[in-house]
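Chemist: Chain residues, written in single-letter form:
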Amino acid sequence: DTAVSQTPKYLVTQMGNDKSIKCEQNLGHDTMYWYKQDSKKFLKIMFSYNNKELIINETVPNRFSPKSPDKAHLNLHINSLELGDSAVYFCASSQLGAGWNGDYGYTFGSGTRLTVV
Amino acid sequence: RKEVEQDPGPFNVPEGATVAFNCTYSNSASQSFFWYRQDCRKEPKLLMSVYSSGNEDGRFTAQLNRASQYISLLIRDSKLSDSATYLCVPYSGNTPLVFGKGTRLSVIA
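Protein chains in written order, with my numbering: chain G, 172 to 288; chain P, 31 to 139.
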């Protein structure tokens, strides 16, 4: 029973296409995130949603648009894909914040490996 | 100054060895810390949370020194399966976790 699931696992597409990545969590967490890990291996925060509301939007091109239909889902739509978008995209969820008792971090999905050709 | 600094390694150690990773952090308001491990081409997985002076879980011990803004991870009796990248991640309230590149460990038979 996967806690954070992402689809698809692999995505190969041509420049200029539009694609979506889906993420769902069954942990009852309030907050979900999208991270990007490029070839240099840094995990960089892209977006953060809390109870369906966008709370963090780092410096990300507006070709990237997150959508959260409910607090268990956070999808990422990418328009006009570019070669530099090739990376692994990780979805994560957490219950950090007020009342956190120190035991929990983020739970990550298994990642979507996007290759733009 | 970077939020987190870790020796990127790689640390190449024989099975059974004890190895320690160090991590310094810049934000003195960091309330607690996580150690994550990330296997090649996989997602980061939580190894340990640290919010007092330290934590111990089996072969893994984390120690926190707030005065020096320093946290360490000690792995005893290294196994081949411990080979991974280890990420030190401070937590400062409601901001998203910031991950560095981590330290790469290779345990050799």
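The set of hints was computed from the structure by calculation and includes no laboratory data. It is possible that part of the hints are untrue.
[To be verified] Listed next, the in silico DSSO-like pairs over lysine-lysine satisfying Cα-Cα at most 30 Å (straight line):
| id | chain 1 | residue 1 | chain 2 | residue 2 |
| --- | --- | --- | --- | --- |
| 1 | P | K32 | P | K75 |
| 2 | P | K32 | G | K190 |
| 3 | G | K242 | P | K109 |
| 4 | P | K131 | G | K180 |
| 5 | P | K109 | G | K223 |
Chemist: Go through the numbered hints given earlier and state which of them the structure violates, listing their numbers in rising order.
Modeler: Violated hints: 2, 3 and 5; rest satisfied.
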